Amino acid sequence: MADIVMAYSASHAPMMAADRESAPRDQADRFFDALQQVRKRATRAGVEAVVMISGEHFTNFFLDNLPQIAIGLGEGHQGPLEKWLKIPKVVVPGEPGLATHIMEQTVAAGFQPALSYKMKADHGFMTVYYELDPMMRLPMVPIVLNCTTVPLMTLAQCYEFGKAVGDAVRSYAGLQRVALCAAGGLSHFIGEPRVGDIDEEFDRWFVQQLEKEDLGDLLDMPNDELMKAGNGTGEVRAWVAVAGAMHGHRGTTLSYEPIYEWINGMGVVVYEDELPSTV
Amino acid sequence: MSLYQLQRCLFDYLRAMEDAPEGSERPALSVEGYDLTDDERDALVNGDIAAIYAAGTHPVIVNGYCRAMGYKRADYRPLLESVNAPTEGKTRWQTS
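Chain order of the listed sequences is A and B. Take the first sequence: its position 158, counted from the start at 1, is 158 in our numbering, and no numbers get skipped. Take the second sequence: its position 42, counted from the start at 1, is 42 in our numbering, and no numbers get skipped.
What the hints contain is simulated information worked out from the structure, not anything from laboratory work. Just to be clear, a hint being listed does not mean it is correct.
[Unchecked claim] Subject to a maximum C-alpha distance of 27 Å in a straight line, what follows is the list of computed DSS-like cross-link-like pairs (lysine-lysine):
#, chain 1, residue 1, chain 2, residue 2
1, A, Lys163, A, Lys89
2, A, Lys212, B, Lys72
3, A, Lys83, B, Lys72
4, A, Lys40, A, Lys212
5, A, Lys89, B, Lys90
6, A, Lys163, A, Lys40
7, A, Lys228, B, Lys72
8, B, Lys90, A, Lys86
9, A, Lys163, A, Lys118
10, A, Lys228, B, Lys90
11, A, Lys89, A, Lys118
12, A, Lys163, A, Lys212
13, A, Lys163, A, Lys120
14, A, Lys86, A, Lys120
15, A, Lys118, A, Lys86
16, A, Lys212, A, Lys228
17, A, Lys120, A, Lys83
18, A, Lys118, A, Lys83
[Said to hold, decoys possible] Selected chain B positions facing chain A (in silico; Cβ < 10 Å):
#, residue
19, Ser2
20, Tyr4
21, Leu14
22, Val62
23, Asn63
24, Arg67
25, Met69
26, Tyr76
Being a predicted model, the structure only gives us computed values, none of them experimental. Glycine included, each C-beta is placed from N, C-alpha and C at the ideal position.
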């Protein structure tokens with residue numbers, strides 16, 4: 001059966017690939033250093049595929065047909081779509097066997113994800129994936145969550161969905177070493193009067209919650225309270241899903257930088273399977 | 001229903017821009033075929049970002065439209081600030 005040999009969550013501001021140099025050098029260096037640590041861990045662990053969870057940006061779906069969850073089952077995923085993103089346009093290999101297994105197992109666990117054999121990978125995936133594998137050959141299973149269009153899944157629901165994803169990966173016989181990644185967040189405000197703001201207090205509180213054994217104070221947060229940290233901040237649903245998949249393990253914050261030039265709280269939190277569950 | 005039509009119009013426009021060949025001229029936004037109110041049509045034709053936002057357009061679409069029009073956040077933030085005030089209210093992460 002597969003192991004989740006590495007799990008992490010990272011912010012995915014488009015500017016980190018479109019205009020990397022616009023950020024203060026020391027902040028950008030600390031953020032990318034954290035992602036480089038993650039890449040080294042992945043290489044060391046011999047990761048065979050990555051399951052990535054990100055937010056929907058009206059890339060694959062729109063208001064005429066918008067699932068809360070969708071899983072990419074295809075042989076490949078075209079990305080990135082944004083012309084202005086300085087990442088080569090490629091078809092990222094998919095992992096249909098694992099994706100189908102996650103689909104089946106999460107449905108069996110009581111969730112109703114949509115499926116797509118033609119899922120595209122926008123900046124939400126590609127900015128973080130590119131830092132994990134600059135050659136872009138690592139097979140990916142993309143999962144998109146609706147993070148911006150009400151009604152939205154609660155954090156508690158995302159956590160439970162993540163648990164189901166984690167259980168599914170661990171019951172898959174086709175691979176041995178799988179990585180899990182959330183891409184999105186932290187706080188940001190887009191297309192609204194507070195565009196450019198970052199709620200640093202929320203971001204620091206949020207990553208501290210992920211380092212705790214008991215996530216109760218995080219998981220009972222209602223959606224309208226979360227929205228006060230920014231209308232893009234709901235992408236932390238992906239982070240909470242990864243926390244669910246890694247329940248029993250504490251997160252470790254490798255980096256947090258409020259990068260105003262990228263209009264985003266930029267963080268990296270990592271989990272490792274070998275961590276004891278009662279640290 | 002027309003809010004959806006307004007958003008659909010912007011979405012289709014943004015997709016058309018993405019599909020346009022590299023370096024080609026920015027296409028004009030067309031409101032033909034969309035069931036819009038006069039105010040919505042005016043907002044779209046005039047590229048009135050404040051009115052587009054005030055109509056209830058999804059912020060992801062507002063964001064995409066502003067980027068496509070070449071606005072930096074410093075340019076369009078003042079246009080939106082007049083529309084509504086930031087949300088008030090204490091949250092669990094605030095210490096002060």
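We went through each hint and held it up to the structure:
With a C-alpha separation of about 32 Å, the suggested pair A:Lys163 and A:Lys89 falls outside the 27 Å cut-off, and the hint is violated. For the hint linking A:Lys212 to B:Lys72, the alpha-carbon distance of about 38 Å lies beyond 27 Å, and the restraint is violated. Among the hinted pairs, A:Lys83 with B:Lys72 is consistent with the structure: their alpha-carbon atoms are about 17 Å apart, no more than 27 Å. Between A:Lys40 and A:Lys212 the alpha-carbon distance is near 25 Å, which keeps this suggested pair within the 27 Å criterion.
At most 27 Å may separate the alpha-carbon atoms for a hinted pair to count; A:Lys89 and B:Lys90 exceed this at roughly 44 Å. Proximity of A:Lys163 to A:Lys40 is assessed by CA-CA distance (about 26 Å); at most 27 Å being required, the pair is judged to hold. Between the alpha carbons of A:Lys228 and B:Lys72 the distance comes to roughly 23 Å, so the proposed pair stays at or under 27 Å and holds. For the proposed pair B:Lys90 and A:Lys86, the alpha carbon gap of about 39 Å is over 27 Å, so the pair is violated.
Distance hint between A:Lys163 and A:Lys118 is fulfilled; the C-alpha atoms sit about 25 Å from each other, no more than 27 Å. As the CA atoms of A:Lys228 and B:Lys90 are separated by approximately 9 Å, the hinted pair is consistent with the 27 Å bound. This hinted pair checks out: A:Lys89 and A:Lys118 have alpha carbons roughly 16 Å apart, not beyond 27 Å. With a C-alpha separation of about 17 Å, the suggested pairing of A:Lys163 with A:Lys212 holds against the 27 Å cut-off.
Only pairs whose Cα atoms come within 27 Å are accepted, and A:Lys163 paired with A:Lys120 is accepted, the gap being roughly 24 Å. Restraint check: the Cα-Cα separation between A:Lys86 and A:Lys120 comes to about 17 Å, which is no more than 27 Å; the hinted pair holds. This hinted pair checks out: A:Lys118 and A:Lys86 have alpha carbons roughly 23 Å apart, not beyond 27 Å. With a CA separation close to 23 Å, the supplied pair A:Lys212 and A:Lys228 stays within the 27 Å bound.
Simply put, A:Lys120 and A:Lys83 have alpha-carbon atoms about 14 Å apart, close enough for the 27 Å limit, and the pair holds. A threshold of 27 Å between alpha carbons decides the hint, and for A:Lys118 with A:Lys83 the separation of about 19 Å falls inside it, so the pair holds. Interface hint at B:Ser2: violated, since its Cβ lies 13 Å from the closest Cβ of chain A, which is beyond the 10 Å cut-off. Annotation: B:Tyr4 was flagged as interfacial toward chain A, and the flag holds, the nearest CB pair being 6 Å apart, inside 10 Å.
The criterion of a C-beta within 10 Å of any C-beta in chain A is met by B:Leu14, whose closest approach is roughly 9 Å, and the hint holds. Proximity of B:Val62 to chain A holds as hinted, the smallest CB-CB distance being about 3 Å (cut-off 10 Å). With 10 Å as the threshold, the beta carbon of B:Asn63 comes within range of chain A, its nearest partner Cβ sitting at about 4 Å, so the hint holds. Contact between B:Arg67 and chain A, as hinted, is supported at the beta carbon level, the nearest pair being about 8 Å apart and thus within 10 Å.
At about 12 Å, the closest approach between the beta carbon of B:Met69 and any beta carbon in chain A exceeds 10 Å, and the interface hint on this residue is violated. For B:Tyr76, the interface hint holds, the least distance from its beta-carbon to any beta-carbon of chain A being 7 Å, beneath 10 Å.
This entry does not satisfy hints 1, 2, 5, 8, 19, 25, going by the numbered hints stated previously.
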